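**Q** Just so you know, the protein sequences line up as chains V and Z, in that order.
Each residue of the first sequence is one higher than the last, beginning at 1 in my numbering.
Each residue of the second sequence is one higher than the last, beginning at 1001 in my numbering.
Errors might be hidden in some of the hints.
[Unchecked claim] Here are some of the chain Z residues that sit facing chain V, going by a computed Cβ distance under 7 angstroms:
id, residue
1, 1120
2, 1124
3, 1199
4, 1203
5, 1209
6, 1213
7, 1219
8, 1223
9, 1257
10, 1258
11, 1261
Calculated directly from the structure, the hints in this document are not laboratory data.
From a predicted model like this one, the values you see are computed outputs, not experimental measurements.
Built from N, CA and C at the ideal position, the CB exists for glycine as well.
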Amino acid sequence: MKKNIVFMMNIKMGNSTLKGDRWLGNRSDPYIYSVKSWQKWCDNNNADLFVIDELILPNQEMAIPWQKFYIFDMLEANDIDYDQIMYVDADTIVHPNCPNVFEMTDGKYTFVHNEGSYDWILRSMENYSKYFFDGYMFNWCHYYNAGLEIYNDTHRDFAKKVIEFYNNNKENLMEVERTFHGGTVQTPVNFLIHLEDIQYTLLPYQYNMADMNRKEILRDDLLFTKLGWVYHFSGIPNNTNNSLTYHWMKKTYEYLYEN
Amino acid sequence: MKKNVIWWPALQNQEHSEKYGGFDYFQYSRKTWEYWCDKNDVLFLPFENPIHTDFTKYRPQWQKCLYVFDEIDRLGIEFDQIALIDSTAMIRWDCPNFFNMTDRKFVGWKDVDNLSWVYDSIVGYNDIFDNFEFDYTKYINSGFMIFNEDHREFFAKLKDLFYEKQDDFIRLQDKDVRKGNDQTPINYLLQIMDIDVKLDIPFSFNLTHMHRKDMLGYNWQLNEDNTPLFIKHGYVWRFTGIPKNQRTDLMKQTWGIVKDNYK
């Protein structure tokens, strides 16, 4: 019987020599808490966890976030039959009682609007719009955070188009990313979703709680654990060497799973 | 013929004048709404004379909700839909007519800016709502709501509730909780009465906490257009969540940028 898959990329890049590489050093240390939490959630929801810890292509050739769109090929290569696939970032922790989000998709591409800095989001949209999409814009209130997205086999062609888009624009994409720091894959894929007229389901913030500090809920009493289901430890200020990500993920995991 | 109405509360609580940096900001809000109403054949209805002058017992935030139907009836206005919009808001000259987007439901926008504040407020009022199991994912901002005749009963119940628990509300809003006035009780009552609230009109129509959203700047990277992001991408600009005494300056500056579009 086909099962639902939760897919994560937990790439170790401790030996990276790339200047300014986001994955350098111990950045990935806290991600073990993410993997463990999703494993337990999968166990409770009849899903399988699929974790990639090696790159398909060297980071210099294709930045890590783009490579998740090889997921259909990866599952096929591993003879894994699937119903739906949920990609989650490795800096998320799921609450053990999180409802089964696979039942909320209506069979559509599913994600959560990106709450956060709209200065960053709108600049990113405007910049990518100018350099790649001929000035096209879409409803920015539907701009989604790529830290959680759900797809199924009907989206295989879309994933191919994303990879094609990358290959056709590789040099320019790298240049724009270096110049504007407006993200890697998230904004271009947001555009492609709309340009390819992919039907989508928007889940509420509770299913991908990004930028919690901005909403004043990243508090020592772990208030956020009372307000939603998937905690995304992004946008944390003064997060040198990812140390605060480690602090919050460890504390959250221990509170939810080891109490 | 029935018209849609913009119910625009602008009561001046002089006791709080210093805290609010005065009320000069009303004029900038008003100019935009008058223009938009004229353009969209909507009746602009300011609420400037309080029903009660004791603002400690009857906060302006409460009066705007408690007496909206009374005042419209008293004035003999035949209305279709009513949009209650705070005078902290300015509307962009070309904002689409949101009355056409309501599906004739009660319309609100989720309040998700400062979730800590929202949570504390919900918990703080829970006792007087008999520990009602509140769904905070549907908590809305009461500074912009759209409703119609079908919701008259809701506002009547709200008034009953207010008079029944007025002392409790004053205690909670002034002393014990200090997280809002009308907003959280409205939210409780909406859920208790199981009102079908439409929540999916884009929040560009109710842009609250614009500084928290980082929308006061412009795209300095392209450097082609220095229009602030909230003006460029938003329709209704709510000057909330900022130090209140900065509101007039910000709204005045905004008017300086956009005024030529309202001629």
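**Q** Could you run down the list of hints and mark each one as holding or not?
**A** How the hints compare with the structure:
1. This hint is violated: residue 1120 of chain Z has a C-beta 9 angstroms from the nearest C-beta of chain V, more than the 7 angstroms allowed.
2. For residue 1124 of chain Z, the interface hint is violated, the least distance from its beta-carbon to any beta-carbon of chain V being 14 angstroms, above 7 angstroms.
3. Using the Cβ-Cβ criterion of 7 angstroms, the hint placing residue 1199 of chain Z at the interface with chain V is not satisfied: the shortest such distance is roughly 9 angstroms.
4. Given the 7 angstroms rule on beta carbons, the hint for residue 1203 of chain Z holds: about 6 angstroms separates it from the nearest Cβ of chain V.
5. Checking residue 1209 of chain Z against chain V by beta carbon gives a least distance of about 10 angstroms; that is not within 7 angstroms, so the hint is violated.
6. Given the 7 angstroms rule on beta carbons, the hint for residue 1213 of chain Z holds: about 5 angstroms separates it from the nearest Cβ of chain V.
7. With a cut of 7 angstroms, the hint placing residue 1219 of chain Z at the interface with chain V holds, because the nearest CB-to-CB distance is about 5 angstroms.
8. Because the smallest distance between the Cβ of residue 1223 of chain Z and any Cβ of chain V comes to about 11 angstroms, over 7 angstroms, the interface hint for this residue is violated.
9. Taking 7 angstroms as the C-beta cut-off, the interface hint given for residue 1257 of chain Z is violated, the closest approach to chain V being about 17 angstroms.
10. Proximity of residue 1258 of chain Z to chain V is violated relative to the hint, the smallest CB-CB distance being about 18 angstroms (cut-off 7 angstroms).
11. Checking residue 1261 of chain Z against chain V: minimum C-beta separation of about 20 angstroms lies over 7 angstroms; hint violated.
Hint compliance for this structure: hints 1, 2, 3, 5, 8, 9, 10 and 11 are broken, all remaining hints hold.
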